Structures are given as structure tokens and as C-alpha cells.
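Colleague: One letter stands for each residue in the lines below.
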Amino acid sequence: MNFEEHAGKPLLRGVGLETPTGGLAVDAVAAAHLAAELGPCVVKAQVPTGKRGKAGGIALAQTAEAAGAAADRIIGMSIAGHPVEKVLVEAQVPIARELYAAVLNDSDSKGPLILYSPEGGMDIEEIAVSHPDRLMRVAVDIRHGFDAASVLDQLPVSDAVDDDAIVDALGRLYQAYIDNDAELLEINPLVVTNDGKLLALDCKFTLDDSAIKRRIELAERGTPDKLTSLEAEAKEIGFKYIELDGNVGILANGAGLTMTSMDAVRHYGGTPANFLEIGGEAYSLGKEALETVLANPNVKSLLINFCGAFARTDVMVEGILKGWEVVKPDVPVFFTIHGTGEEEANAMVRDQLGIEPFDVMDDAVKAAVEAVQ
Amino acid sequence: MIVRGTETLLVQGITGKQGTFWADKMRDYGTRVIGGVNPKKAGTEHLGLPVWGSAVDAAKDVKVDASVLFIPSLGVKTAALDAIAAGILKLVIMTEHVPVHDVMHVMAAAREAGAKVIGPNTAGLVTPGECFVGFMPAFNHRVFQTGNVGVISRSGSLGTLVCLNLVQAGMGISAFVGIGGDPIIGTTTRDALECLNQDDRTSAVAIVGEIGGSMEEAAAEYAADMSKPVAAFIAGAASPPGKKMGHAGAIVMGDSGSYDGKKAALEAGGITVVPTPSFLPTALKQRLGSAAA
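Residue numbers (this note's numbering), protein chains in the order written: chain A, 1 to 373; chain B, 374 to 666.
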């Protein structure tokens, strides 16, 4: 789960890292009011995505009037598909140098990874290309935690910064990462001001989705995925559904098999209308799944692809049959069912729906694609 | 990682619904299930098997080669650290949605102890005709027959389909290695490939990958030096970037983890990449045929 800058920065302040003074504004009047108190300021769009500056979502303002005008322009913008509803207005700071700092879950070392570079002010991807020798990467054993001596040892040399202050800041950043089950906690830029202070000018925080259940209060401050009404309903019921722009509906079990069903539809010349999987504990929700996928009016044919390992296909089909009575599908439906419970499942489809399931997945996909052409 | 029928298996969470069901299935199939763990039911019996209060206690009484965890997500860290402390060298973690910081604790402890971890979020391991660990339908003869193809899969349902396709095409399976769909897992595609390359019963390997991460790319580097033929299907070509498609690991950020990048890397490593799983048997047969000729 992603957090907007204003929701991430309190986590930094909580471990003693300083951020510029400022506040949130939802309109021009409020922004101007804040700017009148702060003096020269920065007006920043609050959306859970990067590259806000390049999209025109960040503006410098010298006066309250200019801050109001900037807020007026930025609120209502769309940045990477996210509508801007509020801005963060912060005091400008005199910057001597921009640095980069982050801690993230690293799949290579299978532990936390601390990233730091004295060459900040650009994306980490750019730093990795332009200054690879100036990018420190320290893998941490999460059982032992942050090791200041080892970090100090590996810190890229720079006359412009106080090494001990950097190590102290990285230690605090690591603590915030641990305390909040972060997937990523990034400060870019971390700046050295003209009077030598370290300030976090930005904050990108992503909470590990698998940890939300033990970080419920924190998660309330995050930005939930933007869902369509159907997607929200499906989430409520307990399965993952994503609306796409095609016309072949897909109902499958397991993330891998569902993605594969989409791939196969595209491979045979069709376009998938959705991602919908009823894997894991949701495999008994066939009825609700059928209702969801057919509630999308763009669906012109439906592929039902089950492959039971843990989940029993006969239970899935029982659910589909219950839903069938309610929804009474008016589009052609194509079944292909394999794995645990397949004999019973195929017999139910054959006997109760009068539909012959396909033995080969690709044949079912081809038929579903042809049906809409 | 491959399991053998001679190895003993402990089931952590044996008294739960899934633990009960699958412990019974595994034992029926031939896996040497020696008992289970439930801290609240130490000293009792379940399915006619002993229940210990911890893996450490179990290991005092019997030799434990491997442990499988049917444990709720927030209990996985404690249970896995218990198994590692017991000196168990193979852990198979079935659970989905384990907090990643907990997974990293387990990985660090396992590395220090020299233990191997499969998962989390794996469907398990199958050695057809011998034993299985986890919740794959090993006992379904349309899905699993003995043979010489090793299968590596991030996904259980898709892995099942691939095994079935191989069996339908008259081929059989030497070992199924479900590595799991999470972003941080103990045994990677490359680790599994290395293991199957060293396995005498395996003559060819099918990789069932997914978009996201860089595991397939790492496996491709290793495959470049292999003589056994490898074919791969990568799920997610039609998935929109930036969206999480069920598996936490299956997400494309920027260009990293994309289908095109993976396909190019795999092909550069001499791996045949097929457009749907149904093409895997033909691809492997062709490669095996030309290798023999």
C-alpha cells in the first residue's frame, strides 16, 4: 500500500528526522493562508506516485498569492491516473546539497537493503547509472539490525557532508522502516541545508500489503488502490478482480492460472475483459465470482478455467451452478477443468448445464475468442 | 530441492483443517509423515500420529528431515524459527501473505543454520510415485506420472496444468518444485534449476515463471551452461503494468520484471519460451529429440 508524502513524513519525524515546516491544503484559499505564515514555499501535489515534478505537480511560490495560484492549478490535475485532491505547502529551505537515502525489502539478499548516495536529486535508477560507484548498498541481517560501524565503513566519501550525521540519519530511517513494516522507505532528496542541517524534503513509503493485518491504524493513513465499483464489491466479497478493457470474461483459480488465461486469450487474438481469481480460501465463491464477471456489460463470452491443486474444482463448479440459476448467463460460456475433483466437476457441467467442457485449455480459449468475433 | 520417500516429515499445524487434510493425503501417498506440532496439544495424538508442543521437542524424540508449515500467516515466523532451532534442514512454507519482514527473519536464520526453505506461498514438492509435501494433487494420475521432466513453478494451479499437459503428451515428471509466488522466497528459480540439473532422474526442465522480479533472468544465466534442455512459459504477458495480479511477486514496475525482458533473457540462455503452457511438451520433446540425435 502506497502512502502520499504528507502521510509518510510523520513516520520520519517519529524517529527524529526533520522535515520542512508546512501543512495540507485542499484549495487555493487554504494554500495561500499557509503560505502567508510560511513565507516563500513549495506547493506539492499529493498523489501516491513518483515523478510529480516532471508532471508539473510541484511549484515554487514566493508569495501567498502565488501559492494560491499554484494550488489552484495543481488541484484537479491528474498525475499518472491519480486525480490531485490536495497539496502539501512547505517552507522553502536553503539547499547546499541533495542526497539519496532508502531502505527496502531486497529479494536478492532476502533481507533489508540500505541505499545511500551523496549524489541525490535524481531517481535512484539514474543514480545507479550515472554514479554507480557513489551508490552505497548495505545488506542488513534483520535479526541483528542496523550496524552503524559497518555502514560508516562503506559510506561513499564526500567532503560536503558530515559522515556521522549521515550514519545517524540512516539508522533512524532503518528504525522507521522496521517499526512500520515498510516494503520501501525512501527520502529523495535528503538535503543538507546551508547551515548544515539534514532535512527530508520528500518521503516515499510503501507498506507491505501482507503486514496490513498487524498495522491496521497505520494502513488507514495510506492510499487504497483506486477501484471501480465492481472491483470494490469483489474485494468486499473476498476475491481479486481487476476490470480490463476487452470483451472475453475470465474466471479462473490461482493467480498464475488466471494470468495465463488472459495471456492465452490475447495469444489467440482476443482481449481479456478482466482478471478474476478465486484461488486460495476463496475457491468456494464460484457463485459470487460468476455474478461479478457477468456484471460487466462488455463481456461477450466467458472462459471458465479451473485447475485444482489445493482448491477442489468440484466445489468451484458447485458455486458456478448456484450462480447460474441467479444470473442466467446470456453470453456463451466455455469450460476447461483439470486437477483435483475434475471428474465430478466436468460431469456437473455436462449434466446440469448441457455444456461440453474442453479437455485442452487452448481449445476452450480459441472457442471463447471466436464467439465474440 | 527434491524430496525423497525415505525422508521423514513433520507437519507444523497438523491439527488445523488444511494440516489434517493434507497430512492424511501425504501419508496415503507414501510420504513418511512422523507427526505434527501444536503448542496447545503437546502429548496428544492426531490421525494416529504423535503431536509435539514444538519442533524442537519433536526432534528430541525422532529424526526429522523436513517440516511443512500449515500455519496462519502471523504465526509463520515463530514456527519456522522453531523448526530451524530443531535442526531441521528442509522447510516447506505453504502460507500466503506472510509479512515480508517476518520472512526475512526466517531466511537469515535458515542461512546461518544451513537450512533450505521452500516458499512461502508455495504449493509444495512432488516426487511422483514416491512422496509429496504440500498441497499438490500428486495422487491424481492424470496430473502426475513418473518420468524425466523436472517442473519448476511459482504457481500451484498453473503448475498443475503444466504437469497435466506433460502427462497428456505421454511424458512424465521426475520432480515438481513449487517455489512460491511471493517477492522474497527461500528457493529461487535458479536454485531449483541447479538442483534439477544435478538430479540423475531429470533429463529436461520446464520452468513456469511469472512477470515481476528477476528470478527468471538469473535462472537463464545458469541455463546457458546446462546441457539438459529447458523450456519456459512466463505468465503475465497480457497483464497491465503496475497492477498486482494476485501473487505479490507478479508486478511490473517500470521496465523491471516485464514479460519482454524475461523472454529475451531466457532465450539468450538457450531456453525455449512458449506462448501458452500447452506448447511446453512439444518444445521439450523437440529439444530432447535433437539432444539424443
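Hints in this document: simulated from the structure, not taken from any laboratory.
Heads up, some of the hints might be wrong.
[Said to hold, decoys possible] Computed, partial: chain A to chain B, Cβ under 8 angstroms:
| hint | residue |
| --- | --- |
| 1 | Lys110 |
| 2 | Asp141 |
| 3 | Ile142 |
| 4 | Lys204 |
| 5 | Thr206 |
| 6 | Asp208 |
| 7 | Lys213 |
| 8 | Met259 |
| 9 | Met262 |
| 10 | Phe310 |
| 11 | His338 |
| 12 | Gly339 |
| 13 | Val360 |
| 14 | Asp362 |
Nothing here was measured: the structure is a model prediction, and the numbers come from that model.
Where is the CB? At the ideal position from N, CA and C, for every residue including glycine.
Colleague: For every hint, state whether the structure bears it out.
Modeller: For each hint, the structure was consulted:
1. Satisfaction of the interface hint for Lys110 of chain A is found here, the shortest Cβ-Cβ separation to chain B being roughly 4 angstroms, below the 8 angstroms cut-off.
2. Annotation: Asp141 of chain A was flagged as interfacial toward chain B, and the flag holds, the nearest CB pair being 5 angstroms apart, inside 8 angstroms.
3. Annotation: interface hint on Ile142 of chain A holds; nearest CB of chain B at approximately 5 angstroms, less than 8 angstroms.
4. Checking Lys204 of chain A against chain B by beta carbon gives a least distance of about 13 angstroms; that is not within 8 angstroms, so the hint is violated.
5. The restraint placing Thr206 of chain A at the interface with chain B is violated, with a minimum CB-CB distance near 11 angstroms, outside the 8 angstroms limit.
6. With 8 angstroms as the threshold, the beta carbon of Asp208 of chain A comes within range of chain B, its nearest partner Cβ sitting at about 5 angstroms, so the hint holds.
7. Interface hint at Lys213 of chain A: satisfied, since its Cβ lies 7 angstroms from the closest Cβ of chain B, which is below the 8 angstroms cut-off.
8. At about 4 angstroms, the closest approach between the beta carbon of Met259 of chain A and any beta carbon in chain B falls short of 8 angstroms, and the interface hint on this residue holds.
9. Taking 8 angstroms as the C-beta cut-off, the interface hint given for Met262 of chain A holds, the closest approach to chain B being about 4 angstroms.
10. A distance limit of 8 angstroms between C-beta atoms decides the matter here; for Phe310 of chain A the minimum to chain B is near 4 angstroms, and the interface restraint holds.
11. Restraint check, His338 of chain A versus chain B: the minimum CB separation of about 5 angstroms is within 8 angstroms; hint holds.
12. With 8 angstroms as the threshold, the beta carbon of Gly339 of chain A comes within range of chain B, its nearest partner Cβ sitting at about 5 angstroms, so the hint holds.
13. Of the supplied interface hints, the one on Val360 of chain A holds, with its beta-carbon coming within about 6 angstroms of a beta-carbon of chain B, less than 8 angstroms.
14. Hint status for Asp362 of chain A: holds, given a least beta-carbon distance of 5 angstroms to chain B, under 8 angstroms.
Against the hints set out earlier in the document, violations occur for numbers 4 and 5.
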